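Novice: So you can see what is in the structure, the chains are spelled out below.
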Amino acid sequence: MTKPVTILYFAWVRERVGAGEEEVTLPQGVDTVAALVAWLRGRSPGHDAAFASPALVRAAVNQVFARQDTAVGAGDEVAFFPPVTGG
Amino acid sequence: MIRVRVQVADFDLKEETDALLAAAAEAGAVASFLGVVRSTAARPIAALTLEHYPAMTQPALEAIAAEAQRRFDLLGCTVIHRVGRLLPGARIVLVLAAARHRQAALDGTGYLIDWLKTGAPFWKSEELPDGTTRWVEAREEDAEASARW
Numbered sequence: 017m018t019k020p021v022t023i024l025y026f027a028w029v030r031e032r033v034g035a036g037e038e039e040v041t042l043p044q045g046v047d048t049v050a051a052l053v054a055w056l057r058g059r060s061p062g063h064d065a066a067f068a069s070p071a072l073v074r075a076a077v078n079q080v081f082a083r084q085d086t087a088v089g090a091g092d093e094v095a096f097f098p099p100v101t102g103g
Numbered sequence: 025m026i027r028v029r030v031q032v033a034d035f036d037l038k039e040e041t042d043a044l045l046a047a048a049a050e051a052g053a054v055a056s057f058l059g060v061v062r063s064t065a066a067r068p069i070a071a072l073t074l075e076h077y078p079a080m081t082q083p084a085l086e087a088i089a090a091e092a093q094r095r096f097d098l099l100g101c102t103v104i105h106r107v108g109r110l111l112p113g114a115r116i117v118l119v120l121a122a123a124r125h126r127q128a129a130l131d132g133t134g135y136l137i138d139w140l141k142t143g144a145p146f147w148k149s150e151e152l153p154d155g156t157t158r159w160v161e162a163r164e165e166d167a168e169a170s171a172r173w
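Chains as they are written, first to last, in the working numbering: chain A, 17 to 103; chain B, 25 to 173.
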């Protein structure tokens, strides 16, 4: 059995999805951040709303800022969030 | 020495400065930046709540601090960022940079605050006087400020 991927959501991305964390098993072919976003959008209207403007959502893979073409795979932790506003 | 902390509790500027100096024997300067929760007559807020990504925040801040230390030859630096619900006037972030001379201390402090605004996973939500909340949007100027380094 393939290890699941842990998906984390923060700030308004979390609010739109309606959950802060979920575990998913990736279907074959979903192997980049961009492909994961496209696949997640089909999970619920909330997911779809969260990623409606993909340019506004940033990602991190295993706690490191990622790009659309960054690879994702079994056992990874992938986080989605708006542009950061600390300081 | 690099000290990075993310905490709910307030911090004490003098205590932190003393601790930094105690570990930076040859320092001739410590520069500091203290960020405060702002509420103005034109844009009043009741509170500010900071959310973060705990597993990523600490390593992201440590990487920024290590880069500042290397670039400006700092003798030590301190970054403390508060999270949770904070009221107007509350201290929210502290950056201290110790160096042999003032310019490195000042530049190191500027670098640290500019980068922690754009390179660490924190998000601010404002609570307005009527009880509604809204997420603070990232500012283009902040990205430009960190890019200038």
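Treat each hint with caution, since some may be false.
What the hints assert, rightly or not - FRET-style restraints, in silico, Cβ to Cβ:
id	chain 1	residue 1	chain 2	residue 2	range
1	A	Ala-68	B	Gly-155	23 to 29 Å
2	A	Asp-47	B	Ile-26	34 to 40 Å
3	B	His-125	A	Glu-38	35 to 41 Å
4	B	Ile-26	A	Gly-91	38 to 44 Å
5	B	Gln-31	A	Pro-99	19 to 25 Å
Said to hold, decoys possible - Non-contacting residues of chain A with respect to chain B, defined by C-beta distances greater than 10 Å in every case (computed):
id	residue
6	Lys-19
7	Ala-27
8	Gly-34
9	Val-46
10	Ala-76
11	Ala-87
12	Phe-97
To be verified - Which residues of chain A face chain B? A partial, calculated answer using Cβ under 10 Å:
id	residue
13	Arg-30
14	Val-53
15	Trp-55
16	Glu-93
It should be emphasised that the hints constitute simulated quantities derived from the structure, not laboratory data. Bear in mind that the values here come from a model prediction, so they are computed numbers and not experimental data. Backbone N, C-alpha and C define an ideal beta-carbon position, used for all residues, glycine too.
Novice: With reference to the structure, classify each hint as holding or not holding.
Specialist: Outcome of the hint check:
1. Ala-68/A / Gly-155/B: 23 to 29 Å: Given about 27 Å between the Cβ atoms, the range holds.
2. Asp-47/A / Ile-26/B: 34 to 40 Å: holds (36 Å)
3. His-125/B / Glu-38/A: 35 to 41 Å: Violated, at about 51 Å.
4. Ile-26/B / Gly-91/A: 38 to 44 Å: Once the Cβ atoms are compared, 30 Å apart, the range 38 to 44 Å for Gly-91/A and Ile-26/B is violated.
5. Gln-31/B / Pro-99/A: 19 to 25 Å: holds (24 Å)
6. Lys-19: holds (18 Å)
7. Ala-27: Non-interface label fails for Ala-27/A: nearest chain B Cβ at 4 Å, not farther than 10 Å.
8. Gly-34: Check passes; 16 Å lies beyond 10 Å.
9. Val-46: Non-interface label stands for Val-46/A: nearest chain B Cβ at 22 Å, farther than 10 Å.
10. Ala-76: violated (6 Å)
11. Ala-87: holds (18 Å)
12. Phe-97: The assertion about Phe-97/A is violated, with a minimum of 7 Å to chain B.
13. Arg-30: holds (8 Å)
14. Val-53: Violated. Min distance 18 Å.
15. Trp-55: violated (22 Å)
16. Glu-93: holds (7 Å)
Consistency note: the structure conflicts with the earlier hints numbered 3, 4, 7, 10, 12, 14 and 15.
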